[in-house]
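Given chain A, work out where chain B should sit, using these hints.
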Amino acid sequence: MSSTQQGQVIPAVIIPAESSREISGVRKRKSWRYRLLRNPPALSGVIILVAVVLMAATAPLFWPDPNAQSLIDARLPPGSPDHVLGTDDLGRDMLARLAYGAQVPLLVSLAAVIISGTMGVLLGLVSGYFGGWLDDLISWLANVQLAFPFILLSIAVIAVIGQGTLTLIAVIGLTSWVVYSRVVRGETLALREREFIEAARALGVSTSRILLRHILPNVITSLTVIATFEVARIIILESALSFLSLGVDAKTPSWGEMLARGQQQLSVAWWMPTFPGIAIMFTVLAVNLVGDWLREELDPRLQL
Amino acid sequence: MLKFIIRRSVQAVLVMLGVSFVVFILLFLKGDPVTTLLPQDATQEQVDQLRRDLGFNDPLPVQYLRFLSKAVRGDLGDSLFESRPATNVVLERVPATLQLAVAAFVLSLLIAFPIGILSAARRNSFIDYLGRILTYVGQSVPVFWLGLLMILVFAVNLHWLPTSGYGEFKNIIMPAIALGLFTTARTTRLVRSTMLEVLNQEYIRTARAKGLKQLAILQRHALKNALIPIVTVLGLDFATLLGGAVITESIFAWPGIGQLAIKSIGRRDYPVVQGVVLLVAFGYVLINLVVDLLYAYLNPRIRYSK
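Just so you know, the sequences run in chain order A and B.
The numbering of the first sequence is my numbering, which starts it at 301 and goes up by one.
The numbering of the second sequence is my numbering, which starts it at 82 and goes up by one.
These are computed hints drawn from the structure, not numbers from a lab.
Since this is a predicted model, take the numbers as computed values, not measurements.
From the three backbone atoms N, C-alpha and C, an ideal C-beta is built for every residue, glycine too.
Simulated DEER-style distance windows between Cβ atoms: (1) A:364 to B:347: 26 to 36 Å; (2) B:243 to A:347: 33 to 43 Å; (3) A:578 to B:243: 21 to 31 Å; (4) A:364 to B:312: 52 to 62 Å; (5) B:194 to A:369: 45 to 55 Å.
With the rest of the complex left out, here is chain B:
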């Protein structure tokens, strides 16, 4: 197990190195990073000044190593717009995004598990059709459109909920639904298909033959075995939610890192954009690592195979 942990951790570190390189090199996509950072009407002196200040005259590998060694210590330079450390600008937005992602995640679990399990237990019943329609629609509706429609109906026409805002419970309802719908659809589908697979196994038939009640079979025998593959995917889904929050946040003016990223791109505040991308990628890699280790812990076959 220890070997597995070390190997997986080294892998995660290597991936983060790759991510940091891409984030670093993005600035150079257009050739001169200074033209990307400065407005178009900047004077030659400003250009030279910034180039000296940020060390763009050094060779690329030197610049990357400098970027990396600072980034590891949490220093991404100052935000060009707010003239304070970009890391702080990004970090103070994290709680809002986490709140939204957790709300969407919980919502999707609350809907996906009952519907998924019931659909599998009673194939071709009403609830199964409902579940299937939900998964199709949920995977086809664009988040931003759903958001707009909800604003139109519940805020503009019915005045039940505020169009945007932050801090109160009623503010999080629409963003959480909008963000969570896609995950809900995917999880429902996953729960249903995994449960179907498990329910077809021999030991379920044995349990039935023993005369166990349907509920006991579902709870004790089927769900427990179905959970392992589901949990693996759920971890990644949560990571997807963090990234997917970008659009939801910008529709509902939710003060999280997604909205910050879009705003910062508009203002050419590149250190902040780098910070958001790095942070979300880091979250993804970390969640991935934890899920893998958990999986290995729960399923010894993985642990010993390599």
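This is chain A alone, in the form it adopts within the complex:
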């Protein structure tokens, strides 16, 4: 696909070098916006994501309380005058709760990605750069981590220490570092032998500075792509945990929690389990589409 695009005439829109560097990480590229506009799947992904984030952010402006209930209006079907998407079994507006329900998955996935990304990058840098027993130790840790069925481990930990937003972030964040460390390790191994690193070492640059200033910027593009796919994975994971009532408390709306409620009302109110699922699916789909586009743009060789 990229080969046909390279041959195309670049439009007369000149994008300042600064903004193109900002987006594409290290490599300088022109007109990523143009390519995005010509790529319907990626473009729809971006639009859906922006819409979901806006919805989550502006929900309080439209609906002051997502838990405002009125039992007279319980289980109104979609299309009812005051409730476009209907109401749940407690008479709470579905649309309002869907909008609020985006907050938890978005927040949890972002925070968890930051924690796991930082951890994975540090461990990957260290194990790739130093090698030896440190590398063996970190590889062993990674193998132990991978051996655990992820959802089961989260469930077991949450069952012991109790649930809540912070627990959710901590559990997911602390157990998702392996993808990053594997990729960073591999790339560090290759970079370590390059001349510019050798030159930096010869100049007496400290090891931490070499790692953070010379190696890290070169792995940022792969990290961006991995982080995007991780957001998608964690949104599903958060919903799964909330669905099993192991996520945030029952009062905070979250798509997974709404699905769990919907499961009980399956035969009388089909919309209750249907809409939150659609919301999850489209959000995850959008993130995956954006991730694929980022991979194509930044790091086509990355295998995940």
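For chain B alone, coordinates are given in the frame of chain A:
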């Protein structure tokens, strides 16, 4: 080869040691394991009694070694809920989970291989688009939601299939689809990209130039070479299915280890939870080991590189 086998086996044992330590230490996450094991309204005598019975007064390393030496012999203590060995409680649930995982696995292969190969052979054709949509949707649909939707449509509305149950063929259809969808999507994607890579190789062009039929090229030249990387991933996928069964089982009330784990967490039946986690992790490590050895056997470059 022997050296490789020994090295890989030692590695696997070390990983299992790490896993067992994590499973052991989980109980201590909150400080006192007794408060985790007992209901909140337990009396002080009950607390002291349990602490003595389970040896929680000993130093941690001693407790871990005791846990380990028992676990190796398959003894994880009694289930706190059913008052019989936790190992038995877990093991009798294994066949159901294996059945479900195998069904989902077979289903995913049956769909992924034809679509993946055809998509690669005919890029940008109808089947390629279909395959790509399938992979995107399959990777984005949450298992539990798909399960609920299927129940809603096929059980509640159409009455074609039972909502849950175990033992008959019609019971396994929906759980297998729900569990298998994600793997199907991933495998389709993998088969397609690996086949594309292989089809771009010089020897395929040579085969074409020789005038071989497309089918023969795909079968004899492309697929065989694409299989090695695919099989490696498939082994791990099967292991993922075992772990992923947790949610599917709880939706369809499938009597496997996943449902057992969730139930046991609710009942604070910790020995059983430990058993399930250990067993699935063990399965993962074992499958991983077998795949690695097979891979080395099939691909001599790996065998001799280290």
